Amino acid sequence: MNSYPPELLVQLAPVMFVAGLDPPPTNALPATPTSPSPVAKPQDAFQVLTLRLREALLAQRKVAIWQPEKNKSFQVILVERDVKFPPRKLVPPDDPQYSTAHSPLSPLTPTSPLHPDGLIAPIWIRKHTTLVPSVFVLFLRIYEYPPNPSKSPLDIDTEREREREAEERKKDAELAADVAQRKKITNERGIKLTVVLMASRRMLDDPSLDARLTFIRRQSGLDSRAALFVLSPVSPSELNEFVRSLQQALYEPALEYYTAHSKRVRRKRNRHSQSVSTYPTPATGSLNIARPLRPEGWTVRYEYKMACFAEFRGEDEVALKHYQDAYEMLTIMFGSTAILPPRTKRWAEAKVLADCINIKIIKLYLYNNEHALALSHHNSHIRVFGDFSRGWGIGEETFEFWSWVARQHRVLAELLEQGTQSTLVLPVHKPASTTAAPSQQTLRAAAGVEYDAMRSLGINPSQALQHPGFYYYVAARCTELRRERFLAVAEAELSQKPVALSPGYTNEKKVDHLLIINELYTKAYELFKKHSPTAAQGQGRLTLWIAYRIAQTYYDAGKFDMAVRFFERIAKTYRREKWNAMLRPLLSTWYACAQQLGDVELSVKLLIEMLGHDPIDAEDPTSLEEDLLAVLKSTVPSSPDETLVVDLVEAQPIFDTELVFWSREVEVDEKAAFQFTITAPSTISIASLPFARITFNFAGDIPPLVVEHESSDTDEAVRLVKIGYASSSGGGSTAKADLRWRTGNTVVFTGTLSASKPSELKLESVVLTIEENGWKIDVPVELHARRSLIKPVAMWLSSVNPLRFIPVRRENYHSTWVKHREHYLQLKFHHHSPAYLDEDYPIDIEITNTDSRELDVTINFLLQPTEIDDAVNWIIVDEERSSSLIKGIHVGILAPGVSATKTLHIFNTGAAGDRMVDVSVQTRTVVPQAEEDAEEEDDDTHDEQQSSAHDTMEHLKMLVVPTVNPIQVTHDVSYRRSLNPWAGLADLQTFEEDFWDDRKGGEAILTTSLTCSGPWSLNIESVALERADNAHAKVIDSSTDVNDGEASEFPAEYLAGDEFSASCRVSLALDDDQDVTQNPIEGPGRYAVTWHRVLQNGELGPKAISHFPLPSLRPPADELVALLDVPPKATLHVPISLTLTVRNCHPSRSANLTIHLEPDSLNSFIVSGLRNGRMPVLLPGSEEKLVWRIIPIECGYVKIPRIRVIDRRKAIPVSQSSGEPGAAPDASTGDLVKVVDVRRDNRHAAGSQSETEPAGAEEVGADDTILVLP
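The sequence shown begins at 620 in this note's numbering and counts up one residue at a time.
I should point out that these hints are in silico values taken from the structure, not numbers from a laboratory. A couple of the hints might just be wrong.
[To be verified] Derived CB-CB ranges, DEER-like:
| no. | residue 1 | residue 2 | range |
| --- | --- | --- | --- |
| 1 | F1424 | W1493 | 41 to 47 Å |
| 2 | T777 | P706 | 51 to 57 Å |
| 3 | D1694 | S1780 | 48 to 54 Å |
| 4 | D1694 | L1798 | 20 to 26 Å |
| 5 | R1429 | D1459 | 46 to 52 Å |
| 6 | V1857 | S1731 | 23 to 29 Å |
| 7 | V1857 | W1493 | 49 to 55 Å |
| 8 | E915 | A799 | 56 to 62 Å |
| 9 | R885 | G1177 | 57 to 63 Å |
| 10 | A1083 | G1177 | 36 to 42 Å |
[Said to hold, decoys possible] For lysine-lysine, the following DSBU-like pairs were computed, each having C-alpha atoms within a straight-line distance of at most 35 Å:
| no. | residue 1 | residue 2 |
| --- | --- | --- |
| 11 | K681 | K708 |
| 12 | K1341 | K1447 |
| 13 | K1149 | K1129 |
| 14 | K746 | K882 |
| 15 | K1148 | K1116 |
| 16 | K689 | K970 |
| 17 | K803 | K882 |
It should be emphasised that the depicted structure is a prediction, and the values quoted were computed from it without experimental measurement. For each residue, glycine too, the CB sits at the ideal point set by N, CA and C.
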């Protein structure tokens, strides 16, 4: 921005003049220290206050171009107390011509620098920023009468008081007169005057201070608002607060000052727009006559002034509008050469003004974060004035045009750089996320097809604001074009060709273009690095491109050492990322630098590297080859005994190479064939390069193979060269062949390798050696390289005549693995499947050595985990037990044809399913004793090599063992009510800890069926119920219990499909709030079955024990039930008892019961007892018994009497339940209570489908009978 007047670019702010703060004089220090007088102490405090005020005021706002902050601060200028303002007009105000006179800077004033047709001069801005303020602050010291130290303040001296008041009034009058004089001057310019009186703290407490201040204000004519302040020496923080409050109080008067200026200018503009120009249009021959400013020029002046005053007020939007109007009028003026003739002084001033207004507009757009508008105006400015420049004869073919364009881009870059260092945030041009927020989705849906169409077009980079580094880069490119145009003009001048020299050619010759270009590129490089994310490869490459342009500039400037430093760093990245199109010109320039520096070795390296690239001139493919030979023949190496290594790592290869091994793997001491193909480039010649030899270096201890050059007359396109055989036990060989490659020719080098121990056969490196005139240059060749990006299928040359290739399509054809000869071993498993759960299942593993060598055998077992829940499996081998891995079971050394057997025991629990065991047999060849003794005599390194060479191999096999259940178990559970009498509600034994309350639970009858489900017979030794009573269930008895003296049915042999049963009775005790449907009762025990597998030879296998737990119990619940106890048989005419027990199992409700004996069911009996009656109220948890004596009078199966039990609780009316009189209820109405024959009491589990069915078989019905015998 140094190309433009700073006054036209700076951010304008209200100007404040501050007077009365002159720095104290710096007196020389006294020779001897003296004690300061008491009178000097207050002066010292005010001197400190003055210095702090100067610092605080000057630090408020600095003059800068970028200042978007909108705070109430001033640009403070410290002035003398008697400072004078520049005159508004040339004549004094009392002159009669004052009203018609003009400003000294007006184009209408003959002595003005703008006379007669100037627009705006920087001095006008300088006047309003440095010469004329908006507010004037005057610091004065109020007079303070010295105190009398000899008297006490309580002693009042009337005479002294009168003297003090008189002196103070005199001093105050003098001060008011000075202020009034200054007030008169400021009032003439409409400037606000504010006075700050500095007083001591003692003065602030003086009661006469207010009267004195009022006197001073009235005498001086100061305003009543923000015109008079009092300040005493305070701390720096309090002083800063005072300065802030002072600025806030004076900010509104300052705005009013600039608003008054704007109104005055607007009135002039309006009057001017209504008037018509009075001067005639000049004729063609009178163009050199001075003409007054045209109406368009006056419009530019007024719009520019109003924009500046709006900027003073901080009204950016108003300022932007006026700047735009001024700019548009300027473009109209530039469009007419009659208004602004090109290459004149006023034309140049207007051009500078247009550029500065453009910068102001861009800056105001950026203040409002309108990046697109700012960039659009920048581009429009360059486009519009570029069109003007072509009409002025300053087009793209001139250096002046590119100088101006570069200046525009540089100014924009500097503006953005200042903005980013402050508050400007540059936009990020990234694709929108695919997962948009709901609000964005709503916007897109509302915009419809138009929005999607615009998004699909993407972003135009010229319309997207970039970081400042980009515009520095563009400015540098424009400066390069400027230099090119200048050099063309200079060359034409030197060659004395007719050329029109522009007026600025003389100054252009003084410009150091390369220095400017380098400066711009350097700034662009630094900013690109600053704004580039670490993961953005594209931005990093552009940064390298700028570095390349810096190096090119250093080269053009003759600073070859600096250029080489840049080339070295840039080339590394270009090689790694394969930017060959950009690397080729870089290498050419680098080579030119090396020539200028006289670095021969660097020149040789660069020439060899450039052989890998296509020539710049396709018609001269031998140029690089000739340059390299010329360097080698005309120079000698600096160190003749050393070999120059040209390592082309990551560089573009010279040759197309491919390495192919024919076999994927070979055995020890078996030959492995390989071919290495080298194809010369087809676009560049290397036929004359003096390759002396090619060396093939292999991995491991295999010696290299060397092929030396031997000339031949063959011109075949494909040649086959046999390079011999190499092995780890023998030396290498040397072959002869023609090592000259014509354009596009191919040489296939073929050979064989072998190794005496397992390893990987591979080619480590191939080195071509150039020898010429004492030079020895090694050029390592990549093993798999292509000059083009297309990689063809690897080929194996099978025949030269006719030429035939075989494609190699396997992976990893770049090497061959050497392995030991396979060990031959036979592995068999002997067992009788399937295995049973819970048994010791033996598996015999037979290992037979079918090899011709002795093998040392070790076996490992891995039991695979199963997906079966609660399955615990383990294996045992040779007293070693594990649930997963048994490792290192040594079988022994097996001679050829010898077998060995190991037994694996597997134990399976849980559920049936396949069990898998991985069997790993590791074999190792036995080293003869003589070789072992030799190994013991060698050193540690040799021991390691010998031990690693031992022939070890692993044989893997999976053993699948199907496992089934030996015994299948099913359980049948039925429930019946307990017939034990219930304890009374007040019985104390119910509160004892060991009391067993089976009233709600009753009894469960468990019937268990055991079936032999496996294919093998079982010898069952015993079946026993292992009791595990708990708090809610206990076993009463079991059918498997064998008393003393009773015979047992076990042991016994059961075939597949045989069944046997066992039963047991379980007493159940439930809690009051126990829910058995959600939490069933755990079974109180398990059946333990001890058995043996019956083998095929009739013998019994190992003993096994299987456990089958009793099922969970869920007894059903009752509320109100009647149990009928009837003997199964009776004798004719012999009385028997019929007992009915009614139980109320409900936890909280009583029962009101009636009993009815149906008369039509008594024909076969004589009944003694209650026929129809009412039972006592049955409380919750209680029971009642009724007994009838009956005498059978018929023989046979006689139907028992039918008894109905009715619960009348629900039949009682609500009125009776509340005590009101009413009709007696019918005794036969109510809910029937279930009457259960205890002989058939059999219920299902709670929650089952059977429980919810209607009256079942246990209820007393019409078919219930009793057998009556005679």
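Of the numbered hints stated earlier in the document, which are not met by this structure? Numbers 1, 3, 8, 12, 15, in rising order.
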